[in-house]
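Colleague: Residue strings, one per chain:
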Amino acid sequence: MSKNINVALIGNPNTGKSSVFNHLTGLNQKTGNYPGITVEKRQGVCKLPRGVKATVLDLPGTYSLNASSLDENVVIELLLNKNDKDYPDVAVVVSDVENLKRNLLLFTQIKDLNIPTILVINMSDRMRRKGIRIDTERLAQMLHTKVALISARKNEGVQQLKEYIATYKNISTEPCLSIEQIDPEYFGSLSQTFPKQSLYKLWMVITQDVNFARVERKKMEVEGATHIRTTSFLKRLQQKETIKRYQFINSVLKECYIKDLRQATDLRGRLDRVLTHRVWGFVIFFVILLSIFQALYDWSSIPMDFIDVQFAHFSDWAKTNIPSWLAPNLIAEGIIPGLGGIVIFVPQIAMLFLFISILEETGYMSRVVFIMDRLMRRFGLSGKSVIPLISGTACAIPAIMATRNIENWKERLVTILVTPFTTCSARLPVYLILIGLIIPNERILGANAQGLVLMIFYMLGFAMALLAAFVLHKIMPQNNPSYFVVEMPNYRIPLLKNVVLTIVEKTKSFVLEAGKVILAISILLWVLASNGPGKTFQNASAEVAKTVLVSDAEFDQKLSAYKLEHSYLGIVGKGIEPIIRPLGYDWKIGIAIVSSFAAREVFVGTLATIYNVGDAEEETIKNRMAAERFPDGSPVFTLASGLSLMVFYAFAMQCMSTLAIVRKETNSWCWPSVQLVVMTAVAYLGALLTFQYFSA
Amino acid sequence: MTLADLEIGDSAIIDSFDVELLPMKLIEMGCLPGNEVGLLQLAPYRDPLYLDIAGAHLAIRRETAARIFIRKKSE
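Chain order of the listed sequences is A and B.
Counting in my numbering, the first sequence runs from 1 upward without gaps.
Counting in my numbering, the second sequence runs from 1 upward without gaps.
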């Protein structure tokens, strides 16, 4: 008989909880959001021995159940609500060998909620090197639980863990600490008022403002008014609880945990002395960033060119081979170039996430937070803002979600507001195609000139983010003192499985999410470009025939151009041309900009659609753009107009999804509106200055 | 003396602090009276501080460190 049980994976950050999750569920996982909030929810299915099937929920990392952020709050809210459909039958607390003491704090708290709790001690492969020995049997006995010593890295002990999960019913739910001993008077009177409730759960409800069983909570507020004391009283009790728990943990570890310091190697110390050095730390960080951008450019050009050419061939093939009742023009000129515009960025996005996940997995990111904090504070940001700003180079949406662990609201708000200035992967296609067009493929001091310009634009994004933060910092009122506590994890070699899963998942979500928008807009654009109002559009052939022409080919070309100019799309583009002409753009670019306000990555697809309709002779988008001329014969894409266009895309707020997430995270329409207006104004001015400067 | 007075390589014992002025997270990570604390690194401008508190490695800002009173190790 098969039965389904709920398993919750809980643990401190940096314990390899995600690796354990990946081992349990493999590719059978899906990510989503918790209802109403944007905390990422990772769930997967795991087959256990004895025909048991488990739904595994990977909860956000937390140091204790005293939640101080939205992410952490998810954990306590779930554990207090028995009616939640995800309420765990068994909790698995993942700890790591070296920080077992601190990890056990969370373990004892969860155990005291009367949930069967298994302790996983991960990274057993590090034990010998660190001179650690653990008596797991004695530990299990003292904690009244099962202890699985595993190494997610070497895939050791996972089978044993599965066995423990399947037989969770044998695990005692006896608490580690009796909460009464913290303050007998207070807890005594509390249990008199609510004789039927678990005292520790009550205490959790009082100290965290959770909305579990709302009715019950209201009742308690009325009857228990005498028990709700000042926050300082509660905080003192929390500290007392923490001390008591550590006393208990110390007494346990004294018997079963031996660390022989003479055997420990000091790799961490040696690496830290270099990586957090006040000079070398910065030099290394800069070199790492530079290498990443060079690699992004150099390594991805081959697969990208390949994809570009393949889609061009595919489009030609479709035009001649698709039966006419299937609308071959829509497929060949609208849908295929639109799809090509998405697929072409897969190599680069995958590579960017490769680097970001490696920096995270190795533990290097925390060192960056450490060396950058003081510098960032000058701009009203926190060292923790560095991670959102760097993640912003992938996508602003997860980056804005990553601001949650910034404790101070002002620092967090400023980070949210300026993150969209960083160069997200959606800007990359725009930059790549324009750089390829206007910057020669030469080497300057051994570095690729195109790669250098790309890096300059990444720097420009960061610089603008910092400048905007500085301005906001000066005009916004100061609030409470900021707390800043960052764990500095051990250095680790990244786990291939985690890196690959991150890349696959993020790339997939880009292709699917952005892809939908791009495809829809491509089709809409094609329709608008192939239809036009009234007689001027319908009589196109006759109008073009009036002009003197040499060949049939020239006639076809002139006809397409005429049609585009008089289509609905052409009319919109022409309408805004006076506004964008000072920036060096023609009405075709105008169309691309207008359509980009839904999502930037639409730019290239739009140009592909527009130029394909306008001129079917050339093979690839880039060649088509290079051949584009103003009516007076001068090229449209010059150094000045290309740079101006890049500056516009660098600063403008052209992403509906980002606006939506900012609205959600700040809980107001005010901030996203400010972003939209201010960023677009900055973009226009920046592009104007750039064009005027370079064309002078 | 407070934590902010330490130099790189120094270590001491946490003596006392006002629990209301410290983030709970710090206390949970082992910042409790009686525990040993060592200063491992300082970022530029001597802020933040990279500490080893009873085996836990973490970074805090100088303003927070200045609220934690310490005493010399008795040996």
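Please keep in mind that the hints were generated in silico from the structure rather than gathered at the bench.
In this text the structure is predicted, and so the values were computed from the model without any measurement.
Treat the hints loosely; a few may be bogus.
[What the hints assert, rightly or not] Take a look, some chain B residues computed to stay more than 10 angstroms from chain A by CB distance:
1) Met1
2) Ala4
3) Ile14
4) Glu20
5) Glu28
6) Leu32
7) Glu36
8) Gln41
9) Pro44
10) Asp47
11) Phe69
12) Arg71
13) Lys73
14) Ser74
[Unchecked claim] FRET-style restraints, in silico, Cβ to Cβ:
15) A:Leu290 x B:Asp5: 47 to 55 angstroms
16) B:Glu63 x A:Pro13: 22 to 30 angstroms
17) A:Gln692 x B:Gly9: 22 to 30 angstroms
Backbone N, C-alpha and C define an ideal beta-carbon position, used for all residues, glycine too.
Colleague: Hints first: check each against the structure and report whether it holds.
Modeller: Against the structure, the hints:
| no. | hint | result |
| --- | --- | --- |
| 1 | Met1 | 21 angstroms, holds |
| 2 | Ala4 | 14 angstroms, holds |
| 3 | Ile14 | 12 angstroms, holds |
| 4 | Glu20 | 5 angstroms, violated |
| 5 | Glu28 | 5 angstroms, violated |
| 6 | Leu32 | 6 angstroms, violated |
| 7 | Glu36 | 13 angstroms, holds |
| 8 | Gln41 | 5 angstroms, violated |
| 9 | Pro44 | 5 angstroms, violated |
| 10 | Asp47 | 5 angstroms, violated |
| 11 | Phe69 | 15 angstroms, holds |
| 12 | Arg71 | 18 angstroms, holds |
| 13 | Lys73 | 16 angstroms, holds |
| 14 | Ser74 | 20 angstroms, holds |
| 15 | A:Leu290 x B:Asp5: 47 to 55 angstroms | 38 angstroms, violated |
| 16 | B:Glu63 x A:Pro13: 22 to 30 angstroms | 24 angstroms, holds |
| 17 | A:Gln692 x B:Gly9: 22 to 30 angstroms | 56 angstroms, violated |
Hint compliance for this structure: hints 4, 5, 6, 8, 9, 10, 15 and 17 are not met, and every other hint is.
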